[in-house]
Amino acid sequence: LFIESGAYRWGDYKATPYTIAGMRPSYRLGARLYARYILQQDPNPKICILHEDHDYGRNYTAGVRDVLGDKYAATVKAATYEFTDPSIDRQIVELKATGCNALIAVTPPPLAVQAIRKVHDLGWKPIFFMSSVSASVPIVLEPAGLESSIGLLSYAWAKDPLDPAFENDPGMKDWRAWMSKYLPGEDVRRPSFVYGYNSAGALIQVLKQAGSDLSRENIMRQATNLRDLELPMLLPGIKVNTSPTDYWAVQQLQLIRFDGKRWVRFGDLVYDE
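The numbering of the sequence shown is this note's numbering, which starts it at 130 and goes up by one.
Think of the hints as simulated: they come from the structure by calculation, not from any bench. Check before you lean on any hint, since a few could be wrong.
Claimed, not checked - Here are the computed lysine-lysine pairs in the BS3-like style, where the Cα-Cα straight-line distance is at most 30 Å:
{"hint": "1", "residue 1": "Lys368", "residue 2": "Lys302"}
{"hint": "2", "residue 1": "Lys254", "residue 2": "Lys200"}
{"hint": "3", "residue 1": "Lys254", "residue 2": "Lys206"}
{"hint": "4", "residue 1": "Lys225", "residue 2": "Lys200"}
{"hint": "5", "residue 1": "Lys175", "residue 2": "Lys254"}
{"hint": "6", "residue 1": "Lys254", "residue 2": "Lys390"}
Please model the complete structure; the sequences and the hints are all you need to start from.
Put into structure tokens, the structure is as follows:
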């Protein structure tokens, strides 16, 4: 239940009937948002995508393709890497040479650090999107350099403990109290603690709905019948909904931009079409 991954296949109720996506949107939805934003800035962009030749990366290229349609081949230049590659500097240099004015880096945290540094060192100024997996301030942006990270774009669906807008938010206060009690001394900026908290909240709701019938069938029945569930650490306005034919619990997100200290939300919530 509630796999902490945005891989599109976890929302495929036919292929994985006993596996359901977690409290996050799909990578493919995020890529659609990126592509639409880029088109708003430039109707005729040249988009570079750096990705692993695996489901993780292919989900992003599929999302961009959803938006661009038959213009994808003429608009996008992709470069791939292997997870075991020690460096992606070569790919960054090659992509810059194509003249792209937008870059989507679909990388795990260690390679995201390299990508941010290399783009900065090259003096390249594309519209620069990071995958949500690598949007952590302490894990990625601080090692890459906060100044080098200014202007980076990504997307969010959960509340950020660094966002002053949530300083007096009841859900944030409860989460901080929970962190102090059960995980004292941990870095509250690490997003995994927020994601896990939301998933636990969803599981509690499933168990409440299941009552005394904890059979596999009934647990799945309840997990796929969540209606307008509000979780304490989801962004305001985002509600969890599932059905027997829709395994994506979270289908709303919002763009964020790094200002040198924290991620700043902008624009409206976007719903998966």
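Item checked: In rising order, the numbers of the hints this structure does not comply with -> none
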